[in-house]
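Protein chains: 2
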Amino acid sequence: MIFVTNDDGISAKGIRSLVEVAEEFGDVVIIAPDKPQSGMGHAITISNPLRLNKSVLFPNSLAYSCSGTPVDCVKLGIYEIMKRTPDLLLSGINHGENTATNVLYSGTMSAALEGAMENIPSIGFSLKDFDANADFRATQDVARKIISEALKNKMDQHTCLNVNVPKGVPGEIKGIRICKQAHAFWEDRFDKREDQFGRPYYWLTGDFECVSDETDSDIYAMGEGYASVVPTQFDLTAYKAMDNVKEWKL
Amino acid sequence: MIFVTNDDGISAKGIRSLVEVAEEFGDVVIIAPDKPQSGMGHAITISNPLRLNKSVLFPNSLAYSCSGTPVDCVKLGIYEIMKRTPDLLLSGINHGENTATNVLYSGTMSAALEGAMENIPSIGFSLKDFDANADFRATQDVARKIISEALKNKMDQHTCLNVNVPKGVPGEIKGIRICKQAHAFWEDRFDKREDQFGRPYYWLTGDFECVSDETDSDIYAMGEGYASVVPTQFDLTAYKAMDNVKEWKL
Numbered sequence: 563m564i565f566v567t568n569d570d571g572i573s574a575k576g577i578r579s580l581v582e583v584a585e586e587f588g589d590v591v592i593i594a595p596d597k598p599q600s601g602m603g604h605a606i607t608i609s610n611p612l613r614l615n616k617s618v619l620f621p622n623s624l625a626y627s628c629s630g631t632p633v634d635c636v637k638l639g640i641y642e643i644m645k646r647t648p649d650l651l652l653s654g655i656n657h658g659e660n661t662a663t664n665v666l667y668s669g670t671m672s673a674a675l676e677g678a679m680e681n682i683p684s685i686g687f688s689l690k691d692f693d694a695n696a697d698f699r700a701t702q703d704v705a706r707k708i709i710s711e712a713l714k715n716k717m718d719q720h721t722c723l724n725v726n727v728p729k730g731v732p733g734e735i736k737g738i739r740i741c742k743q744a745h746a747f748w749e750d751r752f753d754k755r756e757d758q759f760g761r762p763y764y765w766l767t768g769d770f771e772c773v774s775d776e777t778d779s780d781i782y783a784m785g786e787g788y789a790s791v792v793p794t795q796f797d798l799t800a801y802k803a804m805d806n807v808k809e810w811k812l
Numbered sequence: 563m564i565f566v567t568n569d570d571g572i573s574a575k576g577i578r579s580l581v582e583v584a585e586e587f588g589d590v591v592i593i594a595p596d597k598p599q600s601g602m603g604h605a606i607t608i609s610n611p612l613r614l615n616k617s618v619l620f621p622n623s624l625a626y627s628c629s630g631t632p633v634d635c636v637k638l639g640i641y642e643i644m645k646r647t648p649d650l651l652l653s654g655i656n657h658g659e660n661t662a663t664n665v666l667y668s669g670t671m672s673a674a675l676e677g678a679m680e681n682i683p684s685i686g687f688s689l690k691d692f693d694a695n696a697d698f699r700a701t702q703d704v705a706r707k708i709i710s711e712a713l714k715n716k717m718d719q720h721t722c723l724n725v726n727v728p729k730g731v732p733g734e735i736k737g738i739r740i741c742k743q744a745h746a747f748w749e750d751r752f753d754k755r756e757d758q759f760g761r762p763y764y765w766l767t768g769d770f771e772c773v774s775d776e777t778d779s780d781i782y783a784m785g786e787g788y789a790s791v792v793p794t795q796f797d798l799t800a801y802k803a804m805d806n807v808k809e810w811k812l
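Taken in order, these protein sequences are the chains called A and B. With the first sequence counted from 1, adding 562 to any position gets you the numbering used here. With the second sequence counted from 1, adding 562 to any position gets you the numbering used here.
Don't read these hints as lab results, they were simulated from the structure. Treat the hints with care, as some may be off.
Derived CB-CB ranges, DEER-like [what the hints assert, rightly or not]:
| # | chain 1 | residue 1 | chain 2 | residue 2 | range |
| --- | --- | --- | --- | --- | --- |
| 1 | A | GLU786 | B | VAL731 | 55 to 63 Å |
| 2 | B | LYS714 | A | SER573 | 49 to 57 Å |
| 3 | A | ASN806 | B | GLU749 | 32 to 40 Å |
Within a straight-line C-alpha distance of at most 25 Å, the following computed BS3-like cross-link-like pairs (lysine-lysine) qualify [said to hold, decoys possible]:
| # | chain 1 | residue 1 | chain 2 | residue 2 |
| --- | --- | --- | --- | --- |
| 4 | A | LYS729 | B | LYS811 |
| 5 | B | LYS714 | A | LYS802 |
| 6 | A | LYS714 | B | LYS808 |
| 7 | B | LYS707 | B | LYS729 |
| 8 | B | LYS597 | A | LYS754 |
| 9 | B | LYS714 | A | LYS811 |
| 10 | B | LYS690 | B | LYS645 |
| 11 | B | LYS707 | B | LYS690 |
| 12 | B | LYS645 | A | LYS754 |
| 13 | B | LYS575 | B | LYS754 |
| 14 | A | LYS754 | B | LYS811 |
| 15 | B | LYS754 | A | LYS616 |
| 16 | B | LYS802 | A | LYS707 |
Note that the structure is a prediction, hence the values are computed from the model and not measured. Glycine is no exception: its CB is placed at the ideal position from the N, C-alpha and C atoms.
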């Protein structure tokens, strides 16, 4: 059984494209947010109840929309709907890339990380194209290949895969590279305006800046026309920094 | 200048307790959510504008409440309010522990990670006590010690500290240990009930389960009566898993 979710919401073209591929491999269950949840990171809903509603958007699979975040969808899927561990969890295809530190802001990748916590082989897919009607065919080809290998091979425990694909039609993608997360950051800026009452409001904007030129990073691979695959973990311990802090007088 | 934020909201006792300590070390600027934001992880607000309002809750410091998430507060603080890099970013004191994988769900720690991304020495503090009127004095003692050392020493680039303190009065904490993030997980369950119209709703609940007995983990140290300090990073690359995936036929 393959579990599919996303963060752009159940009616996005990206999740339809991913379900099409997933259905080639077996039974599919879809539980996805009922509205866009981009940028929700690893948020969970604690102080409010959640709703699940059967969806008719996927005639060949069991599908539910959920009022919560992507991580809520994973938890509800495993503990309330499937009642057993799926063979694979797929998240996406995201409209927009999730390279570098975007992995932390991304609901798509947080759903995959939540799957890894539950010991489910999990993969997040993202296409570098924000268009609601983006061409997902090349990403579908990449997903087909990776899903096939993920079902044949064993993924390391407590890890998932972060897959990003450059914009382009099938045939334009040069290949698939195993990479590390780039050291790149948002140079955040806020658009400050005044509302109709003269009160200020702030709207997040910004530029993405790659501060390293390492050739084994996901951003580098994408720039060269390759799809990038970053094995991703939820152990955030900075092991190399432990010796430094151990010398502090605490 | 010391920047203070949290995820329980600007009126929580935890942030008041942290600001009291921070003001012993220099000028303090507070930008914190105007309502509780627990469990928001690294969420950012993309599709809505944000509001900032001056707060009178901290007579000795400049303070603003913000309509967004903890990470929004950090971004607004750096790019709109301070317009320069603070010497230190402190997040908390959280009402409730943020050991193990809770670091991913935690707004407190996501704010600290966002600070690390901006190259600000950043520390998240959490007390293992959910009580709104918890006794923060022992955590204040721990925070005083760690802040003092953080200002004297250099923190490794791209890392922050995750500090957790057991419940207890001053003198009961046995000491401070440098630890790694425990392999522990939420065994999630949902409380399923019916609303007044007979429609089901689900409310997240669950038990926290430590699946490892390693003696160098944060949960182990806390169990022994020590405060735990985990150096924490935002590079999620699972370097050890790369060789495995490189053998797949991609």
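Going down the list of hints, with the structure as the test:
{"no.": "1", "hint": "A:GLU786 to B:VAL731: 55 to 63 Å", "result": "59 Å, holds"}
{"no.": "2", "hint": "B:LYS714 to A:SER573: 49 to 57 Å", "result": "54 Å, holds"}
{"no.": "3", "hint": "A:ASN806 to B:GLU749: 32 to 40 Å", "result": "35 Å, holds"}
{"no.": "4", "hint": "A:LYS729 to B:LYS811", "result": "23 Å, holds"}
{"no.": "5", "hint": "B:LYS714 to A:LYS802", "result": "20 Å, holds"}
{"no.": "6", "hint": "A:LYS714 to B:LYS808", "result": "14 Å, holds"}
{"no.": "7", "hint": "B:LYS707 to B:LYS729", "result": "18 Å, holds"}
{"no.": "8", "hint": "B:LYS597 to A:LYS754", "result": "22 Å, holds"}
{"no.": "9", "hint": "B:LYS714 to A:LYS811", "result": "10 Å, holds"}
{"no.": "10", "hint": "B:LYS690 to B:LYS645", "result": "34 Å, violated"}
{"no.": "11", "hint": "B:LYS707 to B:LYS690", "result": "19 Å, holds"}
{"no.": "12", "hint": "B:LYS645 to A:LYS754", "result": "14 Å, holds"}
{"no.": "13", "hint": "B:LYS575 to B:LYS754", "result": "32 Å, violated"}
{"no.": "14", "hint": "A:LYS754 to B:LYS811", "result": "49 Å, violated"}
{"no.": "15", "hint": "B:LYS754 to A:LYS616", "result": "16 Å, holds"}
{"no.": "16", "hint": "B:LYS802 to A:LYS707", "result": "22 Å, holds"}
Hint compliance for this structure: hints 10, 13 and 14 are not met, and every other hint is.
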